[in-house]
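Q: The primary structure of each chain is shown beneath.
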Amino acid sequence: MATLLAFVIGGLYAAGLYLMMRRNLVKLILGLVLLSNGANLLLFTMAGLTPAQPPLIPPGASRLSTSAADPLPQALILTAIVIGFGIIAFLLVLVHRTVHAVGTDDLDAVRTTDT
Amino acid sequence: MTILPVLPVVIPLTVAAVSLLAWRWRALQRWLGLAGTMALFGTVLWLFAVVWRDGVQVTQLGNWPAPFGITFVADLFSAIMLLLAGLMGVVVVLYSLASISPAHEAFGYYPLLQILLAGVCGAFLTGDIFNLYVWFEVMLIASFVLLALGGERPQLEGAVKYVTLNLISSTFFLTAVGILYGITGTLNLADLSRVLSSEPQPDLTLTVAMLFLVAFGIKAAVFPLFFWLPAAYHTPPVAVTALFSGLLTKVGVYASMRVFTLLFMPQGNSIRLLLLLIAGLTMVTGVLGAVAQNEFRRLLSFHIVSQIGYLLMGLGLFTPPALTGAIFFMAHVIVAKAALFLVSGITYRLTGTYELKKLGGLSHTYPGLALLFLLPAFSLAGIPPLSGFWAKLILIRAGLGAEHYVIVATALAVSILTLFSMTKIWTEVFWKEYPEQGPSPASSVPLWSVPVRLALFFPTAVLAACSVMMGLAVEPCLAVAQRAAEQLLHPAAYVQAVLGRLP
Chain A
1 MATLLAFVIG GLYAAGLYLM MRRNLVKLIL GLVLLSNGAN LLLFTMAGLT
51 PAQPPLIPPG ASRLSTSAAD PLPQALILTA IVIGFGIIAF LLVLVHRTVH
101 AVGTDDLDAV RTTDT
Chain B
1 MTILPVLPVV IPLTVAAVSL LAWRWRALQR WLGLAGTMAL FGTVLWLFAV
51 VWRDGVQVTQ LGNWPAPFGI TFVADLFSAI MLLLAGLMGV VVVLYSLASI
101 SPAHEAFGYY PLLQILLAGV CGAFLTGDIF NLYVWFEVML IASFVLLALG
151 GERPQLEGAV KYVTLNLISS TFFLTAVGIL YGITGTLNLA DLSRVLSSEP
201 QPDLTLTVAM LFLVAFGIKA AVFPLFFWLP AAYHTPPVAV TALFSGLLTK
251 VGVYASMRVF TLLFMPQGNS IRLLLLLIAG LTMVTGVLGA VAQNEFRRLL
301 SFHIVSQIGY LLMGLGLFTP PALTGAIFFM AHVIVAKAAL FLVSGITYRL
351 TGTYELKKLG GLSHTYPGLA LLFLLPAFSL AGIPPLSGFW AKLILIRAGL
401 GAEHYVIVAT ALAVSILTLF SMTKIWTEVF WKEYPEQGPS PASSVPLWSV
451 PVRLALFFPT AVLAACSVMM GLAVEPCLAV AQRAAEQLLH PAAYVQAVLG
501 RLP
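In the order they appear, the protein sequences are chains A and B.
Heads up: the first sequence at position 6 corresponds to 6 in the numbering used here, and the numbers run straight through without jumps.
Heads up: the second sequence at position 259 corresponds to 259 in the numbering used here, and the numbers run straight through without jumps.
Derived by calculation from the structure, the hints in this document are not laboratory data.
Don't take each hint at face value.
Said to hold, decoys possible - Short, incomplete list of chain A residues facing chain B, as computed with Cβ under 7 Å:
{"#": "1", "residue": "Leu32"}
{"#": "2", "residue": "Ala39"}
{"#": "3", "residue": "Leu43"}
{"#": "4", "residue": "Met46"}
{"#": "5", "residue": "Ile83"}
{"#": "6", "residue": "Leu94"}
{"#": "7", "residue": "Thr98"}
{"#": "8", "residue": "Thr113"}
Cβ coordinates follow ideal geometry from the N, Cα and C atoms, glycine included.
Go ahead and model the full structure; you've got the sequences and the hints to work with.
A: Printed below as a string of structure tokens:
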């Protein structure tokens with residue numbers, strides 16, 4: 001399972017970076033979405049995959065069994081997803097405004113401030 | 001549980017929330033902004049005094065013991081950075097009072113400034129690597145909006161690049177955090193330091209270190225990851241640029257200094273050499289870019305990149321004098337650079353242009369402004385007895401002491417080029433005759449009211465005076481920097497303060 005996820009993560013990173021290198025503002029956003037999801041999945045996988053062992057203390061026991069899944073990465077991913085969502089929302093508006101101001105979604109056209 | 005280390009985050013966030021409630025009362029927002037930053041400055045002064053007297057201050061949020069809860073830690077380096085952030089906050093809000101348009105204010109300029117400060121202070125204080133990521137994002141989202149506010153085409157173009165590259169950097173950061181958690185099973189910086197030093201896994205740790213280097217390198221604008229900076233920094237209002245130049249890239253440098261000294265340095269000579277290489281290239285490319293520029297703010301933007309190189313040089317040398325130098329340099333460059341940006345803003349107000357070719361003759365008409373430019377500019381170039389001279393002297397002596405002669409030669413050569421580009425601004429803007437076309441500024445001196453003049457010149461003068469004072473009172477400043485460097489080099493005190501026991 002971890003091997004499969006490793007390939008999925010790699011695929012997400014590769015596809016995300018590829019899309020970001022296209023000359024298109026909308027593909028830039030899609031690329032960033034894929035990239036941030038790849039990072040979230042990596043966070044999930046790196047903590048170890050523990051199937052069917054929810055981190056719940058059974059009735060009568062006073063502590064968690066040692067083989068339970070680690071709940072922390074899921075809290076981290078939740079945070080990262082919320083942050084990612086907010087930023088993608090901002091980015092959509094920014095790109096929308098930029099396309100209106102520049103008149104095209106071609107990334108080569110937004111180079112007037114470069115030096 | 002002491003509450004003091006949390007206050008520098010709580011105050012700006014509270015002020016931001018109250019200002020957002022007062023959305024329609026712009027005058028109230030202004031005064032809230034000023035009062036909030038002054039309260040912040042007072043608090044960080046207090047925090048600095050406490051840290052100086054009693055050592056590292058720790059707050060465990062919710063009283064969860066260290067590796068499990070979120071920890072806020074203020075060691076001396078954090079306290080110095082907070083002090084600078086507080087100073088920049090007050091100065092920039094004062095300057096904004098006279099220079100930010102009502103349109104900006106109507107879109108929440110002052111609340112955003114407070115959120116940015118909260119993010120910056122949080123990044124300086126947190127003792128948890130995932131929490132650092134969260135504060136980075138708080139800071140970034142506020143900076144995105146501040147950069148794009150106004151919605152002019154150059155701003156939007158700059159913002160697209162700035163946002164994209166910073167998001168890539170955040171992804172690298174998150175990736176590194178994920179792998180680090182996989183290796184060690186903890187996210188607390190002090191705990192990470194303990195685990196990594198006791199059971200080293202060289203290959204994977206090096207991978208994580210490089211991921212952090214790229215993530216922080218993009219944020220700090222080091223070679224070859226700095227291209228977003230000169231493309232974006234000259235587009236927003238000058239008060240915003242001054243704040244960004246003072247704080248944002250420095251947060252990247254702070255994070256790399258914190259993470260590398262705590263986690264990775266004990267292991268790697270190769271990391272140090274790589275840092276020195278990056279430092280040298282950053283200095284050179286930055287200053288060459290600056291020399292080639294003919295626009296006031298773009299020239300200064302490239303200088304930000306160049307100065308980051310000196311900070312990395314201190315980290316790469318990794319000796320007590322080198323880190324002392326880097327910390328002193330950090331304080332010096334934040335103050336001097338922001339002062340120069342504020343001067344460029346006043347020049348724009350006087351003449352309506354940033355183009356060096358169209359400027360001239362300001363030393364006759366505004367000798368005071370010329371002096372305000374000259375002090376930080378000479379300081380940046382390293383003329384004694386200003387702060388930049390001492391900062392560079394210590395770094396270069398540290399380089400000689402560590403026998404890294406190439407980086408020393410580079411630093412000296414870059415210094416000369418810095419002086420060259422500063423004299424370029426000086427001759428073009430202040431000394432040469434005013435070019436023929438258009439009315440000369442002498443004939444159209446704007447009749448600014450006293451409060452406007454005060455709000456524009458007073459903060460600039462404060463920063464210039466700080467730069468001079470740091471040069472004249474170099475001994476006490478160095479004593480502080482030295483103690484901060486000692487704490488960075490020997491993380492045992494930090495680890496003990498957080499975990500409550502010896503590693």
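Q: Please go over all the hints and tell whether each is borne out by the structure.
A: Status of each hint after checking the structure:
1. A hinted interface residue such as leucine 32 of chain A counts as satisfied when its beta carbon comes closer than 7 Å to some beta carbon of chain B; here the least separation is about 5 Å, so the hint holds.
2. Hint status for alanine 39 of chain A relative to chain B: holds, with the closest Cβ pair at about 4 Å, below 7 Å.
3. Satisfaction of the interface hint for leucine 43 of chain A is found here, the shortest Cβ-Cβ separation to chain B being roughly 4 Å, below the 7 Å cut-off.
4. The beta carbon of methionine 46 of chain A comes within 3 Å of a beta carbon in chain B, closer than 7 Å, and the hint placing it at the interface holds.
5. A distance limit of 7 Å between C-beta atoms decides the matter here; for isoleucine 83 of chain A the minimum to chain B is near 5 Å, and the interface restraint holds.
6. Annotation: interface hint on leucine 94 of chain A holds; nearest CB of chain B at approximately 6 Å, less than 7 Å.
7. The beta carbon of threonine 98 of chain A is positioned within 7 Å of a beta carbon in chain B (closest approach about 4 Å), and the interface hint is therefore held.
8. Interface hint status for threonine 113 of chain A: upheld, as the beta-carbon distance to the closest one in chain B is roughly 5 Å, under 7 Å.
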